[in-house]
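J.: Could you put the whole structure together from the sequences, leaning on the hints where they help?
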Amino acid sequence: MLLDLGFVEERGKDHACFDFYYEGKIVSHTEMSRGGGKEIPGSLLSYILRRQIFLSREEFEQARARKLGMDDYVAILTRKGILKGSSKESR
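Note that this note's numbering has the sequence shown beginning at 1, numbered continuously upward.
Simulated from the structure, these hints should not be mistaken for laboratory data.
A hint or two may mislead.
Cβ pair distances, simulated, as ranges [as the list claims (entries may be wrong)]:
1) 13 x 71: 28 to 36 Å
2) 72 x 14: 16 to 24 Å
3) 4 x 79: 15 to 23 Å
4) 24 x 47: 28 to 36 Å
5) 11 x 39: 14 to 22 Å
Note that the structure is predicted; figures quoted are calculated from it, not measured.
Ideal Cβ positions, reconstructed from N, Cα and C, are used throughout, including at glycine.
T.: Here it is as structure tokens:
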């Protein structure tokens with residue numbers, strides 16, 4: 001899902017990190033643990049993730065259903081005032 005939105009994945013020893021770059025700057029960052037034995041309930045995990053990537057519940061569900069792409073995500077972030085300007089994402 002995050003890769004569909006244009007996030008870049010970096011794998012570490014214990015975490016997978018996802019960053020979204022826009023005009024060469026990190027706009028959003030999230031990490032997912034790959035172990036540790038602690039379970040986070042799905043609804044809480046969804047809430048935390050969608051807050052970190054600046055999506056409403058409805059937008060998040062569209063992203064999970066793979067109905068949003070990077071252009072859609074940029075438009076959402078621009079509409080919310082998180083991004084300024086109209087150039088494409090760059091890495």
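J.: Is it true that residue 11 and residue 39 lie within 14 to 22 Å of each other by Cβ?
T.: holds, 21 Å
J.: Is 28 to 36 Å respected by the C-beta to C-beta distance linking residue 13 and residue 71?
T.: holds, 34 Å
J.: Does the hinted range 15 to 23 Å hold for residue 4 and residue 79 at CB?
T.: The hint (15 to 23 Å, Cβ to Cβ) holds, given that residue 4 and residue 79 are roughly 19 Å apart.
J.: Given the hint of 28 to 36 Å, check if residue 24 and residue 47 actually sit that far apart at their C-beta atoms.
T.: Between residue 24 and residue 47, where Cβ atoms are some 30 Å apart, the hint holds.
J.: Please test the hint of 16 to 24 Å on the beta carbon pair from residue 72 and residue 14.
T.: violated, 31 Å
Of the numbered hints given earlier, the model fails hint 2 alone.
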